[in-house]
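Build the complex: two chains, separate frames, hints provided.
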Amino acid sequence: MTSKLHTFLSALSCEQYTRLLSRSLDSKLSFSERLSFYTHHILCVVCRRYRRQILLIERMAQKVAGADYAKDKQERAGSAGGELSAEARERIESELSRELATRCNKPNG
Amino acid sequence: MTARPGNGPPFAQRPMTTKRENSKTGVAAEDPAGWLDDHGAILFQFAFGRLKNRELAEDLVQETMLSAVRSLSSFRADSSIRTWLIGILKNKIIDHLRQTRRAAALGIADADGFEETVLQRDFNRYGIWNRFLSNWAANPEELLEHDQLLAIFKECLEGLPEKARQAYLLKNFDAQESDEICNILGITTSHLWVLLHRARHGLRDCIEKRWSPIEDE
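Going down the list, the sequences are from chains A and B.
This note's numbering puts the first residue of the first sequence at 14, with every later residue one more than the last.
This note's numbering puts the first residue of the second sequence at -17, with every later residue one more than the last.
So here's chain B without its partners, still in its complex pose (with noise of 0.2 Å):
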């Protein structure tokens, strides 16, 4: 993060390289005015999509966009303000999960059932396959290309039990440090461990059963 040069040129005088502009009201898109048409509906998919909680997501992005008009200054304008604005909205939720983690009852087996449902059921007591699988990830190029199977990866990871679907997201999505996410959600290194291999395993059954064409082969 470099700091713009104080004598810089004001924000409406730079060259418009890109389309980074209100396309309705012509306006540079650093106008804070026109966030709320331009970014509102995004910013709030977006808290939405991690905490579940619409009154709370609302709350976030009023947040951010009031945070972000005090700190004007700091966007760098080779972002796009968008980018820029989740940025902020990503911390205000981080925030958020590290004041609420003594309340949200961080117990490791928490009552979602997961272990009887998904990790216990794939072994058998001596912790052998239960089961075979098939070999359905074998052309991996190929497979990221399928938009279908990423919208199906997309369901699965809405599915995974709440804790482990937060933890997965801070590593993978958010790629916070392992410290940091231990940290935030105020667990141990070992429950995220715990946690991350839940969200793993239980991704990979989910998408094994949601992807049809796994079947065909």
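Extracted from the complex, chain A is given alone in its bound form (with noise of 0.2 Å):
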């Protein structure tokens, strides 16, 4: 009884907080995770400055992850990684040729 006191009314220490709320995103936070979450919170400028960045973060990557998706409208050229080597783009050329015939010679297409 007086351990789980403790756990309530002791504040966690920044880096827990910061794992917690990492795990938040991912997960639900049990009853008493989220309450000492909560409590470290409103005590804590940084971690709430931390969070409001973590959670920008997050929402960058979801506007990022749109737009690789939205690729095929606006065609970007040279982006990293480079272009497909002459000697693959010959490789599979000729296997989606052999493909292709295979699949027309198929009576059933």
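Simulated from the structure, these hints should not be mistaken for lab results.
Note that the Cβ used here is the ideal one computed from N, Cα and C, for glycine as well.
Check the hints yourself; a few may be wrong.
To be verified - Each computed DSS-like pair below joins lysine-lysine, with the alpha-carbon atoms no more than 27 Å apart:
no.	chain 1	residue 1	chain 2	residue 2
1	A	Lys76	B	Lys72
2	B	Lys34	A	Lys41
3	B	Lys136	B	Lys191
4	A	Lys76	B	Lys34
5	B	Lys136	A	Lys76
6	A	Lys76	B	Lys74
7	B	Lys136	B	Lys74
Said to hold, decoys possible - If you want a taste of the chain A side facing chain B, the calculated C-beta under 10 Å gives, among others:
no.	residue
8	Asp39
9	Arg47
10	Ala78
If you want it as structure tokens, here you go:
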């Protein structure tokens, strides 16, 4: 009982707060975790800033991830990683046409 | 995923409402002969961005196109062919991660030194912040419009320790469930939490360092 009471009342360390924050984005925190998280949240201005930044970064990820799939709308050339090598192109080209040929020769397409 | 009715119009007769055609040849986008020209580079960049390995990325592009040809009938015209191809490629990448997870020696304390360099440097031995954070995320709506900031985000993502980066990408870019990510990477849930925490903490640190307007405030 005393130890539980202790858990409730003692504030988290800032480091523990950052861990709980991250975990809260992936799973549901227990009641006592939420309670100590919130207590620390009220008390610590640095952690509040940290949280705001982490949440912003999560939104950046969403935005960038969304843009990843909208790429076909704005053709971007010469970006990171460069192009397929000529060798690979040739190989894929021939594999692809071979596959297409077999496909067309099948009675049912 | 609803199945396309078997007696629907053939591809070529469908009305083309969008620019889903190969502009050079006028061939319908569904014609696989043009895929390499039209989508090869994007697919390669996607795979390379995830796996950081040129040969592997090229192999996966090839596999993607071949399986796409084989399952062309499952393509639904309401998505673009490129989105569809990227979807297939994503599955190939995940399969690859799954296959290599054992070989990849997934120690949680992998030798990237991240714990020492970022996590421990930020806190003293009582777990209290070693420094005062500036309040740079006060206007999230405004900041999300900064292309420069998003570019920095991408750069920082590239710089994360590999394991943390994969976990973060699966979680935030592929929208995989936690259980599924653990399965793919062959790690426990608590390992996943550590990796994601590292990723987020590292991203925050990196963005703060690189984004100059932060210092102006």
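Evaluation of the provided hints:
no. : hint                   : verdict
1   : A:Lys76 with B:Lys72   : holds (18 Å)
2   : B:Lys34 with A:Lys41   : violated (33 Å)
3   : B:Lys136 with B:Lys191 : holds (14 Å)
4   : A:Lys76 with B:Lys34   : holds (22 Å)
5   : B:Lys136 with A:Lys76  : holds (11 Å)
6   : A:Lys76 with B:Lys74   : holds (24 Å)
7   : B:Lys136 with B:Lys74  : holds (22 Å)
8   : Asp39                  : holds (6 Å)
9   : Arg47                  : violated (16 Å)
10  : Ala78                  : holds (4 Å)
Hint check: violations occur at hints 2 and 9; the rest are consistent with the structure.
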